[in-house]
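Here is how the chains run, residue by residue.
There are 2 protein chains.
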Amino acid sequence: MKLATLKNGTPDGRLHVISRDLTTAAPARAATTMQAALDAWDTVVTDLTAQYDSLNRNAEKEAIAFDQAEALSPLPRAWQWLDGSAFESHGDLMDIVFGMNKKEKLTKPLMYQGVSDRFYAPTQDVPFRSIEDGIDFEGEFGVIVSSTPMGTSVNEASKFIRLIVQINDWSLRKLAPVEMKTGFGWIQAKPPCSMAPVAVTPDELGSAWRDARVDLPLNVHWNGNKFGAANGYHMAFGFDDLVAHAAYSRDLVPGTIIGSGTVSNANYREIGSSCIAERRGIEMLDLGEPKTAFMAFGDTVKMDVFLPDGTPVFGAIDQKVVKAG
Amino acid sequence: MKLATLKNGTPDGRLHVISRDLTTAAPARAATTMQAALDAWDTVVTDLTAQYDSLNRNAEKEAIAFDQAEALSPLPRAWQWLDGSAFESHGDLMDIVFGMNKKEKLTKPLMYQGVSDRFYAPTQDVPFRSIEDGIDFEGEFGVIVSSTPMGTSVNEASKFIRLIVQINDWSLRKLAPVEMKTGFGWIQAKPPCSMAPVAVTPDELGSAWRDARVDLPLNVHWNGNKFGAANGYHMAFGFDDLVAHAAYSRDLVPGTIIGSGTVSNANYREIGSSCIAERRGIEMLDLGEPKTAFMAFGDTVKMDVFLPDGTPVFGAIDQKVVKAG
Numbered sequence: 001m002k003l004a005t006l007k008n009g010t011p012d013g014r015l016h017v018i019s020r021d022l023t024t025a026a027p028a029r030a031a032t033t034m035q036a037a038l039d040a041w042d043t044v045v046t047d048l049t050a051q052y053d054s055l056n057r058n059a060e061k062e063a064i065a066f067d068q069a070e071a072l073s074p075l076p077r078a079w080q081w082l083d084g085s086a087f088e089s090h091g092d093l094m095d096i097v098f099g100m101n102k103k104e105k106l107t108k109p110l111m112y113q114g115v116s117d118r119f120y121a122p123t124q125d126v127p128f129r130s131i132e133d134g135i136d137f138e139g140e141f142g143v144i145v146s147s148t149p150m151g152t153s154v155n156e157a158s159k160f161i162r163l164i165v166q167i168n169d170w171s172l173r174k175l176a177p178v179e180m181k182t183g184f185g186w187i188q189a190k191p192p193c194s195m196a197p198v199a200v201t202p203d204e205l206g207s208a209w210r211d212a213r214v215d216l217p218l219n220v221h222w223n224g225n226k227f228g229a230a231n232g233y234h235m236a237f238g239f240d241d242l243v244a245h246a247a248y249s250r251d252l253v254p255g256t257i258i259g260s261g262t263v264s265n266a267n268y269r270e271i272g273s274s275c276i277a278e279r280r281g282i283e284m285l286d287l288g289e290p291k292t293a294f295m296a297f298g299d300t301v302k303m304d305v306f307l308p309d310g311t312p313v314f315g316a317i318d319q320k321v322v323k324a325g
Numbered sequence: 001m002k003l004a005t006l007k008n009g010t011p012d013g014r015l016h017v018i019s020r021d022l023t024t025a026a027p028a029r030a031a032t033t034m035q036a037a038l039d040a041w042d043t044v045v046t047d048l049t050a051q052y053d054s055l056n057r058n059a060e061k062e063a064i065a066f067d068q069a070e071a072l073s074p075l076p077r078a079w080q081w082l083d084g085s086a087f088e089s090h091g092d093l094m095d096i097v098f099g100m101n102k103k104e105k106l107t108k109p110l111m112y113q114g115v116s117d118r119f120y121a122p123t124q125d126v127p128f129r130s131i132e133d134g135i136d137f138e139g140e141f142g143v144i145v146s147s148t149p150m151g152t153s154v155n156e157a158s159k160f161i162r163l164i165v166q167i168n169d170w171s172l173r174k175l176a177p178v179e180m181k182t183g184f185g186w187i188q189a190k191p192p193c194s195m196a197p198v199a200v201t202p203d204e205l206g207s208a209w210r211d212a213r214v215d216l217p218l219n220v221h222w223n224g225n226k227f228g229a230a231n232g233y234h235m236a237f238g239f240d241d242l243v244a245h246a247a248y249s250r251d252l253v254p255g256t257i258i259g260s261g262t263v264s265n266a267n268y269r270e271i272g273s274s275c276i277a278e279r280r281g282i283e284m285l286d287l288g289e290p291k292t293a294f295m296a297f298g299d300t301v302k303m304d305v306f307l308p309d310g311t312p313v314f315g316a317i318d319q320k321v322v323k324a325g
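The listed protein sequences derive, respectively, from chains A and B.
Residue numbers for the first sequence follow the numbering used here, so the first one is 1 and each next one is one higher.
Residue numbers for the second sequence follow the numbering used here, so the first one is 1 and each next one is one higher.
Some hints could be false.
Note that the list lumps identical chains together, so a pair holds whenever it fits in one copy or between two copies.
Straight-line Cα separation of at most 30 Å, BS3-like style, residue types lysine-lysine; simulated pairs [to be verified]:
| id | residue 1 | residue 2 |
| --- | --- | --- |
| 1 | Lys-7 | Lys-320 |
| 2 | Lys-181 | Lys-61 |
| 3 | Lys-159 | Lys-323 |
| 4 | Lys-105 | Lys-181 |
| 5 | Lys-323 | Lys-174 |
| 6 | Lys-7 | Lys-105 |
| 7 | Lys-174 | Lys-61 |
| 8 | Lys-108 | Lys-323 |
| 9 | Lys-323 | Lys-61 |
| 10 | Lys-61 | Lys-105 |
| 11 | Lys-323 | Lys-105 |
| 12 | Lys-7 | Lys-302 |
| 13 | Lys-159 | Lys-291 |
| 14 | Lys-159 | Lys-320 |
| 15 | Lys-226 | Lys-181 |
| 16 | Lys-320 | Lys-174 |
| 17 | Lys-181 | Lys-323 |
Since the hints were made in silico from the structure, they are not lab data.
Source: prediction; values computed, not measured.
Only chain A is shown next, with the shape it has when bound in the complex (with noise of 0.2 Å):
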């Protein structure tokens, strides 16, 4: 099933039901947002399922055009955004570039708690006060999750993932490090994401949804230009991993999100980046210092995924940086 919130001029939207193709939609009938549907889901998922059905037989009366410029996120807030940093080779990079010591192995996920009272349109502008801070995207993947008891374990956890969504986590990368340094995380370098439009559930990765892994590239554009492709399997923690580590000392709510930090390949050079902190680091390694700089106002970043048999999964986060007003 594929879900999408369309701008209906409140600051939740109004949920509805997206065809496989992604291009039609209708108003979910049984919640009228994502975070209700979240809340019952057990209630709603079979009327769902079967208007998504009916949607994709063309059967729907009140189907329309699926316009993504129409989207909010799928969840346009949320009461909770944990996003960690699964992929080694992203880490690894990262310390270069922070001029962090490198780590002993780790033993247990690493993640922070972020801001998740809004997540930006997948398609609006995304202001900024100065492109000094250093302004960087991060394509991820994420899960959406139902209500998870405290104490989850690895094994249970996956039964609670519901959605997965594809995020643009934007950071401000010369404010990172200072933030890093403290032990806090980060506030000031990690203003709020955006998020793809449609969230899917698992079954509509079919075999790509491996391992509580997204076993899919995650295509990414700057200025038009391809950046990366990287494949979301090789995280060291699968999300399964991740929401038990969440749930270790807290109960989550429906509607938590979780996602998977930055895609990143151990090929980087050759399959390309999902961040421009990770690029300027192989150019720190390969070239003695970073050469590419970080976005402009002005700049854009488009970022997607398709199946192997070219079905868009997600649609397209294809955002424009500008200076904040």
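With the hints as your guide, set chain B onto chain A.
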């Protein structure tokens, strides 16, 4: 004005106006929930204040006795919770406890993003999985802001502070240094917080609201024994600094809560502490090793604050630690 949220079977409860002496309550007419009041503060504040004045004059027809055991946290869940660490004497001791190197004098506030999807009710039992995790309380003050734009300066920040609250920031001390060393901040070491029943507008503190700080002692009792009464004034950064720091790269939505960090004074040997970890730090300094164990199941903690004339301010956090089950 004083406000509290009473239980009504919903997550957000029912907003009530509370008399200055905390003896009576009346359902707020201008807004049904605290979040709704904060979302429309400028529209509702006159009516709420008039109702508060009426309640204090015993002229409120719907007045009932105020039972603190019926209160949820004033904001039972929030879109954002950011916690500072603004008391230097606390930070210095924590560096000793965590084996951190002494940092240079800070030029920016320390702040982390915490879980905000629930704040435990002020008198509810608080569940933890294991005493091996090092269960500790942290007595704090906090502010709740209305809509605060990205880029708000320190000079402008105070005008967005709508309410002051009293917080217990539950912490798991065995997990905290492990997470802190990652630089990502705390997830497992910081389960949900609790709040005292009553949120107050700054004018309720009179001259004790000074330089965007709470110039009052925070009384802490552990298992009925006095543990500390540190004064809230001694912040290296005031709440105006903390709000401006938080708003550097993000708009703050109404209902964003910003905490002071553990209230601590340099004369902690005389005045006591607001968390066990600080007492253990003092013992490490004075005795060479910590002597005081962290909390056990069945332990209680009580925290309250009074004006110099004896008027209770926020009501009491009065909780018991229990095994999650």
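Taking the hints in turn, this is what the structure says about them:
Taking the closest pair of Cα atoms, Lys-7 and Lys-320 come within 30 Å of each other only inside a single copy of the chain (19 Å); across copies the shortest separation is 45 Å, beyond that limit. Proximity of Lys-181 to Lys-61 under the C-alpha cut-off of 30 Å is found in neither arrangement, the shortest distances being 56 Å within a copy and 56 Å between copies. Only between protomers do Lys-159 and Lys-323 lie at most 30 Å apart by alpha-carbon distance; the minimum there is 25 Å, versus 42 Å within a single protomer. When the C-alpha separation of Lys-105 and Lys-181 is checked against a cutoff of 30 Å, the pair qualifies both within a copy, at 19 Å, and between copies, at 14 Å.
Taking CA atoms no more than 30 Å apart as the test, Lys-323 paired with Lys-174 passes inside one copy only; the shortest distance there is 17 Å, against 43 Å between copies. Proximity of Lys-7 and Lys-105 under a CA criterion of 30 Å is satisfied in neither setting, with 44 Å inside one chain copy and 47 Å between copies. When the C-alpha separation of Lys-174 and Lys-61 is checked against a cutoff of 30 Å, the pair qualifies neither within a copy, at 51 Å, nor between copies, at 58 Å. Taking identical chains as interchangeable, the C-alpha atoms of Lys-108 and Lys-323 lie at most 30 Å apart only when they sit on different chains, with a minimum of 24 Å there against 38 Å within one chain.
Taking the shortest alpha-carbon separations for Lys-323 and Lys-61, neither the intra-copy value of 42 Å nor the inter-copy value of 53 Å comes in at or below 30 Å. In this assembly of identical chains, the alpha carbons of Lys-61 and Lys-105 never lie at most 30 Å apart, being 55 Å within a copy and 65 Å across copies at closest. Proximity of Lys-323 and Lys-105 under a CA criterion of 30 Å is satisfied in neither setting, with 40 Å inside one chain copy and 32 Å between copies. In this homomeric assembly, Lys-7 and Lys-302 come within 30 Å of each other (Cα to Cα) only inside a single copy, at 21 Å, whereas the closest approach across copies is 46 Å.
For a Cα distance limit of 30 Å, the shortest separation of Lys-159 from Lys-291 qualifies neither inside one copy, at 44 Å, nor across copies, at 44 Å. For the identical chains of this complex, Lys-159 and Lys-320 are neighbours neither inside a copy (36 Å) nor across copies (32 Å), given an alpha-carbon limit of 30 Å. Taking CA atoms no more than 30 Å apart as the test, Lys-226 paired with Lys-181 passes in neither setting, with 33 Å inside one copy and 36 Å between copies. For the homomeric pair Lys-320 and Lys-174, the shortest alpha-carbon distance inside one copy (20 Å) is at most 30 Å, but the shortest distance between copies (43 Å) is not.
In this assembly of identical chains, Lys-181 and Lys-323 lie within 30 Å of each other by CA distance solely inside one copy; the values are 28 Å within and 34 Å between copies.
The structure fails to meet hints 2, 6, 7, 9, 10, 11, 13, 14 and 15 from the earlier list, while all remaining hints are met.
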